[in-house]
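Number of protein chains: 2
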Amino acid sequence: MGASRDPAKVGHQVLRNLKASGFTGKLFPVNPRVREILGLIAYPSLEEISDRVDLAVVIVPAIAVPRVIDQCDGAGVSAAVIMSGGFREIGAEGEKIEQDLRDTLKRTKVRVIGPNCTGVDNPHIGLCMWLPLRKHGYISVVTQSGTVASAIKCWAENEGLGIAKCVTLGNRIDIDETDLLRYLGDDPLTRVIALYLESVSDGTRFLKAASDVSKRKPILALKGGRTQPGARAAVTHTRSIVGDDQIFQAAMKQCGVIRVQTTEELYDSSKALSYLTLPSGPNVLIVTSSGGSAILAADVCSDMGLELPPLTRSTEKTLRQKLPGYCIFSNPFDLTTTTADQFRVVVEENIHDPMIHAFLLIFGDPLLGASEVVDSFRPSTEKPIIVAYLGGGDVEDKERAIMHSRGIPVFPSPERAAQALGVLLVRSEYLREED
Amino acid sequence: MGASRDPAKVGHQVLRNLKASGFTGKLFPVNPRVREILGLIAYPSLEEISDRVDLAVVIVPAIAVPRVIDQCDGAGVSAAVIMSGGFREIGAEGEKIEQDLRDTLKRTKVRVIGPNCTGVDNPHIGLCMWLPLRKHGYISVVTQSGTVASAIKCWAENEGLGIAKCVTLGNRIDIDETDLLRYLGDDPLTRVIALYLESVSDGTRFLKAASDVSKRKPILALKGGRTQPGARAAVTHTRSIVGDDQIFQAAMKQCGVIRVQTTEELYDSSKALSYLTLPSGPNVLIVTSSGGSAILAADVCSDMGLELPPLTRSTEKTLRQKLPGYCIFSNPFDLTTTTADQFRVVVEENIHDPMIHAFLLIFGDPLLGASEVVDSFRPSTEKPIIVAYLGGGDVEDKERAIMHSRGIPVFPSPERAAQALGVLLVRSEYLREED
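Residue numbers (numbering that gives the first Met the number 0), protein chains in the order written: chain G, 0 to 434; chain X, 0 to 434.
There's no promise every hint is true.
Unchecked claim - Below 35 Å or equal to it, Euclidean Cα-Cα: the simulated DSBU-like pairs (lysine-lysine) are:
1) G:K397 with X:K18
2) X:K18 with G:K18
3) G:K8 with X:K321
Stated by the list, open to error - Now the in silico label distances, taken between C-beta atoms and shown as ranges:
4) G:D393 with X:L26: 17 to 27 Å
5) G:G368 with X:P187: 56 to 66 Å
6) X:G24 with G:K316: 31 to 41 Å
7) X:E47 with G:G368: 35 to 45 Å
8) X:R15 with G:S375: 25 to 35 Å
9) G:R405 with X:K321: 45 to 55 Å
10) G:R312 with X:G90: 14 to 24 Å
11) X:D393 with G:E47: 50 to 60 Å
12) X:G159 with G:R405: 23 to 33 Å
Hints were generated in silico from the structure; no laboratory data involved. From a predicted model like this one, the values you see are computed outputs, not experimental measurements. C-beta: ideal position from N, C-alpha, C; glycine also.
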């Protein structure tokens with residue numbers, strides 16, 4: 000609704016993105032003034048479409064939106080994503096239109112996402128509105144910021160991992176984060192739910208839903224407005240009255256939601272939780288060819304409550320027989336100069352050690368075959384093997400692409416890998432307490 | 000010295016990297032057993048080379064290194080980078096060879112970097128040993144970890160910004176971080192010195208040199224081993240006795256060295272300090288099309304001591320005439336949906352406001368022309384304009400590449416941009432105090 004032939008208009012871009020994402024269903028551009036848009040027959044109105052329509056994407060001017068929703072209802076379209084802006088976010092005039100829209104919703108059966116949002120994405124069926132996405136994965140995003148969503152989508156797309164579903168809430172006049180938590184909690188393609196919120200629309204409902212869902216699926220929350228200046232900005236952005244940050248923190252902890260501090264941490268933690276198993280305890284063995292990187296990782300491990308137990312004497316003895324004398328037979332285990340196979344030897348000797356709950360492999364410098372090594376342990380272990388790769392130039396790019404194509408997440412620095420591993424520990428400890 | 004025809008050997012890779020980096024001088028592979036390596040005439044020994052040799056790159060087995068240094072001295076080669084490993088890092092046997100090497104150095108005029116290092120880089124003349132680098136820039140790196148150096152080199156190379164010089168210290172038997180601070184302090188191509196250290200070899204000398212150099216050039220330090228587990232790992236990595244972290248922190252502050260916490264922060268801060276002017280005060284105007292990103296940036300600004308003053312009434316009045324009513328006329332200034340030119344209007348109206356010391360522009364979503372806007376202010380202002388770009392897909396990639404080609408650093412998230420801006424403030428406040 001509001002499809003356009005003008006490439007500068009959102010009503011054009013959304014249609015183009017749906018096509019570029021390979022949407023598997025049928026698309027019906029609605030525009031009374033043209034016959035064809037982007038090679039598709041344009042319909043003068045919803046009523047002219049003879050197929051059953053599952054979802055209306057609404058991009059008409061705000062003032063026309065309530066009428067369009069009525070049309071949807073008349074045509075039996077029960078779901079709409081309203082991308083149009085011009086509602087309460089622009090002040091008194093828009094507030095009035097938004098009230099009209101609320102009234103319309105009360106007398107219709109249409110359920111609405113938005114208005115003033117940047118759409119929804121389901122790349123598994125090629126339904127991507129704001130950016131064309133070709134990859135699909137297991138991270139689902141629910142957000143009060145279109146850009147935070149787009150950032151995560153772009154990072155996941157560029158890494159070849161993709162996302163599962165994304166919903167930008169906009170003014171959340173109807174469907175809110177709590178509805179989506181419940182929905183995504185039951186969605187088999189969603190392994191982790193990543194939230195960006197400035198406020199919650201209904202605290203009590205949210206806490207109940209989050210408590211339920213987080214028992215079976217991890218929920219991450221990035222909160223905008225944790226400081227005074229940020230909170231002031233949140234009021235103007237989404238009219239969010241941001242409460243005391245410590246209260247938010249305590250509430251999230253209570254309902255099992257893991258709080259992160261930055262956009263990148265939201266993505267990294269989502270990656271780790273989607274693709275890695277959980278450690279059954281805090282003990283990590285760091286294996287590396289880069290002593291410096293391992294130290295930086297050890298520092299962050301310590302911050303996150305992870306521990307680096309020493310090698311057992313028998314393991315150390317075996318490894319001293321199998322590996323060059325210049326290795327540092329400790330934890331971190333530093334192979335110094337190395338081949339990928341030497342990484343394999345170290346992991347192999349420790350993989351059944353009950354005192355090691357997770358492995359952090361830090362590949363530094365160009366090292367071919369890193370992907371093979373990591374891959375070879377996956378069928379035989381429940382322990383997470385988390386990978387950082389840095390300083391490897393073209394070889395790193397190639398190995399990272401291979402690992403991502405196999406669902407092995409790779410982190411770009413030792414600190415980010417250790418941080419993500421810390422989040423896995425938080426999640427596993429939460430589940431153990433709940434048990 | 001120790002050049003090889005075997006692609007698996009470092010003695011081959013270094014030669015290949017020097018060629019691939021476009022080294023502007025002459026290369027003389029030395030290997031007594033072959034006539035040609037990588038299309039270059041190989042020399043049986045240093046004495047056979049008739050040209051004057053400026054630098055020896057030593058990659059022979061450790062046991063042969065003292066003799067090679069004697070040969071360098073005999074041939075009038077006064078500088079050597081010893082990449083060979085097998086010295087004190089491997090234990091007692093290597094310790095003995097290292098002592099031999101120290102004795103050799105005492106009786107020769109050769110100055111040495113290493114041993115057990117991953118070489119040096121000067122991409123301005125194509126002298127790059129560990130990775131081939133084609134870009135050159137203004138960040139210089141001095142490091143106890145080859146991989147931390149490589150990571151920064153790869154990031155700078157991939158962004159097209161490049162580095163100025165890089166030295167990996169290895170066992171720092173002769174030249175240490177203090178020598179390099181003084182050298183880089185006087186190097187006209189070095190705008191910022193980025194250090195990764197686990198310890199300093201001589202605290203008193205270091206503090207003196209850092210105090211001198213930081214008066215004219217910013218120095219950044221990432222310290223490995225700030226926690227107990229990290230410190231333990233540092234002992235095995237570089238035999239570094241890591242002192243109390245708070246003492247290190249206080250010492251760095253006293254001599255004007257800016258401490259950072261992660262590898263990425265070291266790179267981000269280096270980028271900002273190399274390419275941006277310093278703010279004359281803490282007041283930032285955030286201009287954005289992404290309200291959520293601006294809130295996240297505002298939170299980090301607040302952490303970093305940056306302030307977000309309100310718009311003046313006259314500026315707000317002017318902007319209300321020039322821009323759509325749905326903008327949020329505040330700080331952050333949120334254009335919501337926007338064109339690049341609307342960013343220009345907001346910056347233009349505030350550029351001469353003495354209460355605004357810096358601009359943080361956050362481009363979210365695909366926005367063409369972002370680079371033009373930022374570029375247009377550079378000739379006319381001393382105020383830093385720091386850019387974050389995220390969620391923009393292909394358009395973002397293109398605009399980022401243009402900005403980097405023009406020396407405008409772009410940060411991948413609002414938090415990282417705000418953090419980097421905070422570092423600029425720290426630097427400017429230090430210089431003001433020193434004044």
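Hint by hint, here is what the structure shows:
1. A distance of roughly 22 Å separates the Cα atoms of K397 of chain G and K18 of chain X; the hinted pair therefore holds under the 35 Å criterion.
2. The suggested pairing of K18 of chain X with K18 of chain G is violated, with an alpha-carbon distance near 46 Å, which exceeds 35 Å.
3. Using a Cα cut-off of 35 Å, the hinted pair K8 of chain G and K321 of chain X holds, with the two alpha carbons roughly 21 Å apart.
4. Checked against the hint of 17 to 27 Å, the C-beta distance between D393 of chain G and L26 of chain X comes to roughly 22 Å, which is consistent with it.
5. Our hint of 56 to 66 Å for G368 of chain G and P187 of chain X is violated, since their Cβ atoms are close to 42 Å apart.
6. Judged by the Cβ atoms, the range 31 to 41 Å given for G24 of chain X and K316 of chain G is violated: they are separated by roughly 49 Å.
7. Separation of E47 of chain X from G368 of chain G is about 38 Å and conforms to the stated range, judged on CB atoms against 35 to 45 Å.
8. Separated by about 30 Å at the C-beta atoms, R15 of chain X and S375 of chain G satisfy the suggested range of 25 to 35 Å.
9. Range check, R405 of chain G to K321 of chain X: about 52 Å between beta-carbon atoms, so the 45 to 55 Å window is met.
10. A C-beta distance of roughly 18 Å is found between R312 of chain G and G90 of chain X, which places it inside the suggested range of 14 to 24 Å.
11. Checked against the given bound of 50 to 60 Å, the beta carbons of D393 of chain X and E47 of chain G, roughly 35 Å apart, lie outside it.
12. The supplied range of 23 to 33 Å is met by G159 of chain X and R405 of chain G, whose beta-carbon atoms lie about 30 Å from each other.
Hints 2, 5, 6 and 11 from the earlier list are contradicted by this structure; the remaining hints agree with it.
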